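Chemist: Dock the two chains into a complex; use the hints.
So the sequence lines, in the order shown, correspond to chains A and B.
Oh and the first sequence: position 18 is 38 in this note's numbering, straight run, nothing missing.
Oh and the second sequence: position 19 is 35 in this note's numbering, straight run, nothing missing.
These aren't lab readings, by the way, just hints derived from the structure by calculation.
A quick note: this is a predicted structure, and the numbers were derived from the prediction, not measured.
Some clues are possibly wrong.
Pair by pair, the computed Cβ-Cβ distance ranges are [claimed, not checked]: (1) B:M281 to A:A398: 25 to 31 Å; (2) A:N403 to B:R211: 39 to 45 Å; (3) A:E311 to B:K415: 22 to 28 Å.
Don't be surprised by glycine CBs; every beta carbon is placed ideally from N, CA and C.
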Amino acid sequence: MQYDVAVIGAGVCGAMITREMSKLDLKVVLLEKYNDVAMGTSKANSAIVHAGFDATPGSLKAQLNVQGASLMAYYCNKLHVPYKNIGSLVVAYNWDDMKTLDELFERGFANGVPNMEIISQERLRAMEPYISEEAVGALWAPTAGIVSPYELTIACTENAVLNGARVKRNSGVFDIEFKDDLFFLSTASGVVKAKYVINCAGVFADQIAKMIGDTSFRIIPRKGEYYLLDKTEKKMVNHVLFHCPSKMGKGILVTPTVHGNVLMGPTAIDLDFDSKLDLDTTIEGLNIVKEDVKTVIPTLSTRNCITSFAGLRAHIDTQEADFLIAPSKANGHFINVAGIESPGLTAAPAIARYVANIFKEIAPQYQRKEVFRTDRPAPVRVNEMSDEERKALVAKDKRYGRIICRCEGITEGEIVDAIKAPCGARDVDGVKRRTRAGMGRCQGGFCGSKVVEILARELGEEMNKITKFGNGSKILYNRTK
Amino acid sequence: MQKYDLVVIGGGPAGMAAALQAKEDGVKKILILERAATLGGILEQCIHAGFGLHYFGEELTGPEYAHRFIEQVEQTDIEVKVDTMVLEIRTGNIVIATNAVDGMLEIHATAIILAMGCRERPRGALDIPGSRASGIMTAGTAQKYVNIDGYMPGKKIVILGSGDIGLIMARRMTLEGAKVEMVCELMPFSGGLQRNIVQCLEDMGIPLKLSCTVIQTHGIERLEGVTIANVDENRRPIPGTEQYVECDTLLLSVGLIPENELTRMAGIIIDPVTNGAVVDENRQTSRPGIFACGNVLQVHDLVDYVTQESQIAGAGAAAYIKNKPKGRNRYVSVKGQSGVRYVVPQNINENTDKDVKLYFRVADVYRNARILVESDGKVLYNKKKPKLAPGEMEYVVVKADDIHALQKKELVVRLEVQK
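Chain B extracted, bound-state conformation (with noise of 0.2 Å):
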C-alpha cells in the first residue's frame, strides 16, 4: 500500500487549487488522482472567454484558466496520475483506484479532497416522451463533439434549458454554421448568467422562450422535430400552445448534478438540497480528514468560486494533516430559510478562528430583496440587494466574532422580500 499525506480526488480546477492550496501550507506528499488523460477538468473543453475575471481579474479562456494552474502544479512535487480512475474511498481513508499503467492502486491517505465535479442531467431523467432516435444530447457532450473531437452533431438545433452551457453552446453552435432555432426554459426565468443570456442569445439573435418546454421527440433514426408547449405556473403544459419545431438534435442544458457516487459510498452525509456533502468552513465532511469543494460540493456558475473554495479546502486539509485533530468539535448549523434554497457550509466551528463567507443560492428572482442573516432573533447582517436571481450564487460575510458571540448554535440565512 502506498502512503500519501493528501490524496485530491480530481485534477479540475477544484482539485488543483486545492492541492496547491495544501502544498503552499506545508504538506508534503501530494496526489491528484484524475480519470481524464490531462488535468484541467471540464475547462479543456471550454474553449470561450469569461473565466478569471474575479479571480486573476482578466477574462481568459477554460483552457487559459486551467493552465494557469496545471503549471504552478508541475512547479511543485505534487504527484499526478492521469486516466486514474478511483473506485472506492475504503473505511480509514483507503482510496482504491485504477489505471492502466498501475493496475489497481491502493493508496492510504491522511486527508483526501473530493473534487469529482459533476455531470449534467442526462434526457432520462427528464421524462420527455417520444422516440431514441439519435440526436438528442447534453449540451456538455456536444461541446465535447464540437471543441475536442471537432465534428458538428447536428445542423438545426433546439435547446432545451438555459443553464450556462446550453447558452453558451448555443452561440458556439451558430458560429459553427448550425441554426440554433430556440433555447425553452421550463422556468419563467434562465437559470443561467446574465452575461450569457446577453452575449450568446440576445447578440446572436436566438429567441429565448421562458415557460416553455418540449414535450414530445420526433423521429425513429435521427431526430426530426420537436413538439414544444408553454408551461403554466405549476410548470404543466397547456394544451393548445403545441407547436412542431423542425430540427435534428437537441440539446439538453437541464441541470448539473454533483457526482457523489464515491461520497455516498464512503457514508458521507449528503445535503438533499445541494447533493454534495454536508461541510464545515474548511470543508471538511462528516468524515474526519475527507474534504470536498467545487462543483462536487455545489454546482457553482463561476470557475473562480470553485478556485476560492478549494483554497479553503486545501487549507483546512493541511490544518488537519498538521494537528490530527481528536475529539468531537461543536458547530453551529446554518440553515437558508424563506428564499435561500440552501447555504454551504451548513456547518461553522463555534470556535472558528476566520470570518466565514457563507455561500447560498435564492430560490426565485427577486427584486430589492433583503438579505437578513440571523441567530436566535438577532440580527448579524441585513444588506439590501436591486436583483438576486437562482442562476447567480451568492456570498455574505460572517465575522469569527460574531460566531463566537452565538447563545443559540444555529445561523439562518433569509430574505425578506418587498412585495
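Just chain A, same shape as in the assembly (with noise of 0.2 Å):
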C-alpha cells in the first residue's frame, strides 16, 4: 500500500500529528509498533498540562508549551477528553526558594505565561489545607492543569480515523530505505511505502533516524517511577503541587488525576541507550517518590496505593536540549519530531501545529479537505450520567445496565463500544485505558476475567488467545483437563 504520509509512532504526538495531517487530502497512515496506541511515554506520565515557566524563554519547548496549555481544552472538549484546570503551585520551603519563585516567574513572563501569582503561606494553606507547615509560599499558575494522556492519544486516533486516516498496530518498523522520491519502510506487518515520513517514535525516535542515516542525535530513556493512590485520598490534593526546582531537578510533584485519584512521583534515572524496554519499578525509586512526597504532604499515606509504575522519557543528548522538530539533514522528506519529553503532553497540540506548517513547506501540493470532522462521538459513560439518562440507556440497549467492573462502576456496553471504536481496544489493557475497567482499588481482580471473555466474544477469539497488552503477554495457556 503506497500512501502519502507515514507517522511513526502512536504517542501523543504521532496521534495528534497524523490528526492534523488527515485534514489535508492525502492518504495517511500511522505505524504503531504495539498492539494499541499510547503505549510508550504516553501512557505512563504526569498527565500534567504545565502551564509553561520551566523551559528557557527562546527555546522551542517554552513557545510550544504555552501553546499547548492554551489550546488543551479545546482539544479535551472537541474530543471528549477528561481535562481538569486545576492550576499548578510550586512550592517553597525557605527564602532561597521564594527567590526561586521569582525567577520562575520572571521566565514564565518572558514565555507568556498568564496570570500567575506569588502567594502568600496563608492563601497557600487556604488552596491546600494538608501542605506541610514548612511551606513558605507558592508559585500559583491557573493556566495549569491534568489531563488523560492516553485517552488524548485514543481520542485523536479516533477522530483521525474517522477522518480517513489508516492506523496499522502491530507494525513497528525495522528498516526504511528511499529510492525514487518514496520511502519504503519495512514493518512487522509488511512493507509500507510512503512519500514523506514523520517520526514520532518517542524512546526509540533515534533508532528510526538512524534507518535513512541521520545520526544527529540520540534518545537518552529517562525513567520516570510513580505511585497512584486510592481516590480515598482525594481530599489531600487540590491542585498539581510542585517542590521549589533545585540542582536536583523539579523533583517529585503530587496531583489529583481527571478520575480522582492522587498521583505521585516521578524520579528521573537515566538508563543506557539499550533499556529502552525497562520499565521496571524500583525498591529505589519508589522509596525516592515516598520520602520526598513527605515533604510536601506529611500526612499523605502510600498505605493507600493501588499501583506502581513507570515511564521512559525521550530525552535528546543534543546540548540544547530542545525538542528537535524539523526535517532531517539527512532526507527532507522525512520529519524529526524527537526529544519530547516535559511538557511534550501539553505541547501536544501546539507540536501538531508547528508540524503541519513544516509539511506545508516541504509539500505544498496538498490541499485541506473540503469537509473535516473536528470531534468524535462521546464515550457513554453510565457513571457520569442521571438516574433518568440511565434509565433510558438501559431501555435501548440493556448491556448499559450490566455492571462488569464494580470498582469504577463500568458496564458491559461500554466495554462492547470500547472495542468496537475506530481503532478500538484489543486486549484488556486496551479496555481499561479506554473505559477505566480494571482501574479501580481491586486492579482489575473481579473483572479481568469478565473482560477477556468479552473480548473473546467481540473479536471472535479463544479466550487464551486475548492479552494484557499485545505480542507475548498472554493471559491463559491451554484449557483444563
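Modeler: Here's what the structure looks like:
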C-alpha cells in the first residue's frame, strides 16, 4: 500500500500529528509497534498540563508549551477527553526558594504564561489544607491543569480514523529504504510505502532516524517511577503541587488525576541507550517517591496505593536539549519529532500544528479537505449520567445495565463500545485505558476475567488468545484437563 | 419506587442465610440483590471439598454447600434479582441498583442486610517492584480461570502468601499439571488453615517458605521469574538471601479486604481493624435498620461461621422489622487487647436477652495461652487453649446474665501468654 505520509509511533504526538494530516487531501498511515496506541511515554507520565514557566525563554519547548496549554481545553472538549484546569503551585520552603519563585515568575512572564501570582503562606494553606507546615509560599499558575494522556491519544487517533487516516498496529518499523522519492518502510506487518515520513517514535526516535542515515541525535531513556493512590486520598491534594526546583531538578510532584485518584512521582534516572524497554519499578525509585512526597504533604499515606508504575521520557542528547522538530538533514522528506519529554504532553496540540506548518512548506501540493470532522462521538460514560439518563439508556441497550467493573462502575456496554470503536481495544489493558475497567482499587481482580471473556466474544477469538497488552503478554494457556 | 421489608445486598452464603432466617422469623417481602449471574457467591468457584463440616456435619464442595441454600431460597417466596449491582444506599434506606432488565431500580427497604463479601488484595497494594508483565494475578482470579472458564493461567507457578485461597490453588494447579515451585509467606507463620497446609502443600510436596517474600518480578511481556528473599523480624528483606526463581505465573494470596464501598458511602462507622462495619450482637450497624454479616463484616476462614453469623443478622433484621424500635440503645462496648486483634460484635445491647458469642482473631501464634474476658477487673471467662493462630477465628460465649450484671459498660477480650 502506498501512502503520502507515514507517521511512525502512535503516542500523543503521533496521534495529534496524524489528526492534523487527516485534514489534508492525502493518504496518511499511523504505524505503531504495539497492539494499541499510547503504549509508550503517553501512557505513563505525570498527566500534567504545564503552565509553561519551566522552559528557557526562546526555546521551542517554551513556545509550544504555552501554546499547547492554551489549546488543551479546546481539544479535550472536542474530543471528549477528561481535562481539568485546576492550576499548579510551586511550593517554597525557605528564603532561597522564594527567590527561585521570582526567577520562575520572570521566566514564565518571558514565555507568555498568563495570570501567574506569587502567593502567601496563608493563601497557600487555604488552597491546600494538608500542605507541609514548612511551606512558606508558592507560585500560583492558574492555566496549568491535568488531563488523561492516553485518552487524549486514543481520542485523536479515533478522530483521525474518522477523517480517513489508517492506523496499523503491530507494525514496528525495522528498516527504511529511500528510492525514487519514496520511502520503503519494512514493518512487522509488511512493507509500507510513503512519500513523507514523520518520526514520532518517542524513545526510539533515534533508532528510526538512523535508518535513513540521520545520526544527529540520540535519545536517552529517562525513567520516572510513580505511585497511584486510591480515590480515598482525593481530599489531600487540590492542585498540581511541584517542589521548588533545585540543583536536583524539579523533583517529585503530587497531583490529583482527572479520575479522582492521587498521582505522585516521578523519579529521574537516565538509563543506557539499550534499555528502552525497561519499565521495571525499583525499590530505590519507589522509596524516593515515598520519602520526597512527605516534604510536600506529610500526612499523605502511600498505604492507600493501588498501583505503581514507571515511564520513560525521551531525553535528547543535544546540547540545548530542546524539542527537535524539523526535517532531517539526511532527507528533507523525513521530519523528526524527537526529544519530546516534559512538557511534551502539554505541547502536543501545538507540536501538531507546528509540524503541519513544516509539512506545508515541504509539501505545498496538498490542499485541505473540504470536510473535516473536528470531534469524535462522545463515549458513553454511564456513571456520569443521572438516574433518568441511565434508565433511558438501559431501556435502549441492556448491556449498559450490566456492571462488569465493580470498583469503577463500568458496564458491559461501555466495554463493547471500546472494542468496537475506530481503532478499538484489542487487549485487556486497551479496554482499561478506554473505559477504566480494571483501573480501580481491586485492579481487575474481579473484572479481569470477564473482560477477557468479552474481548474473546467480540473479537471472535478463543479466551486464551486474548493478551494483557499484545505480543507475548498472554494471560491464559491451554484448557484444563 | 418499589417497597420491601428487607433488601439483602449479596446472594452468597451470607446473604442467603440471612434472608432465609428472616423469612423463617416471619418477614414477608424480601429481596436479594446479587451482582453475579447466579446465587452462591464465591462458593461457585470453590470446587474443592471441606465446606460444611461444622454446620452440616458432613464434607461438601463449595457449590454443594451453596446449592443447599439456593434450593431453600427457591422454595420460599424470597425474590431474587441476579446480574444486579447496587450503586448506592441513600438516606432513608433507599437502595439504588442497576441491571439489564429493570434499568435503574429504586427500592425502599425497612431493613437492609449488607452481605457483599470481600475481595483479594491486589498486587498494587503490595508494592512489589518490577515489570507489568502478564501472569501476575490473585489466587481467586486464577481459581475462576481454572474452575469456571476451564483455562490454565500458567505452567510454572510461584505463590506469594499462604492464605487459604493460595493454598487451595497450589493443589488445584498441581492437579491440573502445573508445577507449583513454592509458596512464600512473609510472616513466620501461615495465615491459612492448618488442614489446608497439610492437604494442599505437604501432601503435594510443595515447599512453604516462611519469612520469605517476592522482592522483584521479571519479564517484559509475560512473567519470566521472580526474585525472592528471606525477611528479618521487621519483615525487611535480608541482603544476600536473594534467589531467582523461574516461573511464568505469580499468584497472590495476601489477604482479603471486605468490600465496604457501599457501607462507607452510606456513612456507616467502620472498624479500622476488621475493615468491616462496627456492629452490635444482632449485627446491626451504626445506622438503624442496616445490618451486616459474612465476609463484608469480617473475613472468616470457614463458610460455616459465615452462615451462623448471617442467621444472627437475619434474625436481628426480622426483629427490627417487627418491632420498629425507637429511641437509643445503651451498649456495652467490647474490645480486644494484648494479643487479641479485634472482636466482633464491637457492641452489645446492655439488656440483651440472649448469650453472645464474641468472635475474635489473635495477632500471633500462641501456645498454651489463656483467653480471658474481663470487665472492670472481674473475670467472666477464663480458658486455656493449646494453640492459637491468626489464621483460625476463635470465639467465646458471654452469658446474657453476666452482661446484665456489668457495672462498667465495657468488656475486654485478651490473652495471657505463658513465657
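Chemist: Does each hint hold? Answer for all of them.
Modeler: Verification of the supplied hints:
Between M281 (chain B) and A398 (chain A) the beta carbons are some 27 Å apart, a value that agrees with the proposed interval 25 to 31 Å. A C-beta distance of roughly 43 Å is found between N403 (chain A) and R211 (chain B), which places it inside the suggested range of 39 to 45 Å. Our hint of 22 to 28 Å for E311 (chain A) and K415 (chain B) is violated, since their Cβ atoms are close to 53 Å apart.
Of the numbered hints stated above, the single one contradicted by the structure is hint 3.
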